[in-house]
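Protein chains in written order, with the numbering used here: chain W, 1 to 168; chain F, 169 to 605.
In case anyone wonders, no lab produced these hints; they're calculated from the structure. Remember, it's a predicted structure, so these values are computed and weren't measured experimentally. Among the hints, erroneous ones may be present.
Where chain W lies over chain F, by a calculated footprint (3+ residues, C-beta under 8 angstroms) [claimed, not checked]:
1) 375-387
2) 418-429
3) 507-514
Note that CB positions come from ideal geometry on N, CA and C, so glycine has one too.
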Amino acid sequence: MNISVTKTGLSALCLSLVLAGCSSTPVEETMSDIEDTTVQTVEVEMESEAIVVEEMPVEPIMSAATVFYFDFDKALLKTESRAALVEHAAYLMDNPRSIRLEGHADERGTREYNMALGESRGNAVKEFMVLQGVSPSMIEVISYGEEQAASFGSSDAAWSMNRRVELK
Amino acid sequence: MLFRSLMTTKTFHIIVVAMVLVFTPVAAWAELVIRVTQGNDKPTMIAVAPMSTNGIQVLEDISAIVESDLLRSGLFKTIPRQNMLAFPQNIDDVYYRDWRLLGSEYLIIGGLKDSEGKIELSFSLLDVTAQKTVFKHRVTGTEAQIRDLAHLVSDKVYKEITGIRGVFSTRLAYVTAELNDNKFIYRLNVSDSDGAREQLVLESTQPIMSPSWSPKGDELAYVSFETGRPAIWRQRLVGGQRIQLTNFSGLNGAPSWSPDGNKLALVLSKDGNPEIYLLDLTSNKLSRLTRHFAIDTEPTWTPDGKNLLFTSDRGGTPQIYKLTIASKAVERITFKGNYNARPSLAPDGRTLVVVHRESNVFHIATLDLKTGRMLELTETRLDESPTVAPNGAMLIYATKQAGRGVLSAVSLDAGVKYFLPAKIGDVREPAWSPFLR
């Protein structure tokens, strides 16, 4: 797929003809390392390990859920999500770093509406964490709508797995 | 362990493709194949005699393409080739009685000729009942344009007999998602309206959404997540040049090109929740149109360019609203059912197409804005993303078949239906191009 033809050459050729015959000459681009903060990440993680070992039991943090589920067409945080989010919030305030909340919807309904729904869910989680004291500037909400299912298939079980917010 | 995945370096891979006009064979990833499942009650009987090639080597069977075009419209039934007694090329060679006996109301004949290295196609439409020539035309093109020539024949014949402009020379844009090593590869493709000649426009490991044609049919606007966030891009089909139009925090979605081509309606949530904005494509000026704490999304233009229709859940459930751009006045349009979303208007400006939920099943439905009559067009499940042909005769939408995303077509009176199943991957979000010539 990597055929190198200059774009100017292509467009000049293209403009000279009227009817579109059909073929493609792909121009490959690789967008890499959009957030290259690996070094910093390693440092923080080593630091946090030290804290964990000395002061806190490992289990509660390791086991805190990072995926939070929602009801159909709803962006209301479920009661069972709260305990884990309280833990995350406490941990974040001790170990400040930016997080991403990725909101998702199940496949039912239209795609752009589901993008909005995924964002509402992400915002619901964000608002809860902010209430717990986490700085809003540390939290980015990104909606993927129904574009990245966690579970495939068109069943109630699959749909309930897909209506979610993932903390990353 | 807790946040370990957060800062892992992500490498997003995208491929931008420029369409060129020189014909070279391309790998077809998910070429569409048409199956007509339901036709019109009283189709016009037509015979398409095989075109005489007169020794010219062509890779495509022009008459077969014309037959398939006319059949797909649902308004025609064709006479099988094996029943034909002769394959006339000239009007003088036609024995009308033979064609009448086959039940044919019309006959298309024609032949190829070399014209300075190009292919010249002469074709005639004959009225079998009246025993007269309706028209005779001549078109010329390169060998790579054989399918274009065939679609031109179909367009001329369709217009003559039905009085409606044909859409056989138009194109489709759509998104496919293919699972590869447990990861999706998203592709934005463009094909002929019959699914042939699929061409890759953009390939990415991150989602691609919401393609929208420019009114001239030479550009697409779409949403790409290639930067790790949704952003709106515009890309020329010929040449492949692309520009990132938005990069706001939150949603950057649902681009919809204005009828005059100068503006883009879109959705941003940078101010807290999804609102409709207008982006002036010449000045890059952004103006906010809606102001409501509910979800406002999926804007689409009325043909006069003065209003937008959009989806909002400001009344509690998603419904269609109309926004007058000059006054920013908002008025609710749909009332039947608890889910009406993704509006689009047929070219008549009167038939509203929506995704409508009835007893928990999502269908494509039309609402006659004059009479208020609602008509459910589809009976498949999880139907979405309807896109109306520029002549308003049919629409194509995305649905699920055996757990896979496929495209399906239905006429706006629900009388004609066909599937466009893909060979590989999930097909979604079709966008029918405007008339291209």
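Each hint tested on the structure:
Coverage of the region 375-387 of chain F by chain W holds. Counting CB-CB distances below 8 angstroms, 3 residues qualify, and the rule asks for three or more. Under a criterion of three residues with beta carbons nearer than 8 angstroms to beta carbons of chain W, the stated coverage of the region 418-429 of chain F is upheld, 4 such residues being counted. Three residues within the 8 angstroms Cβ limit are the bar, and the region 507-514 of chain F against chain W gives 3, so the coverage statement holds.
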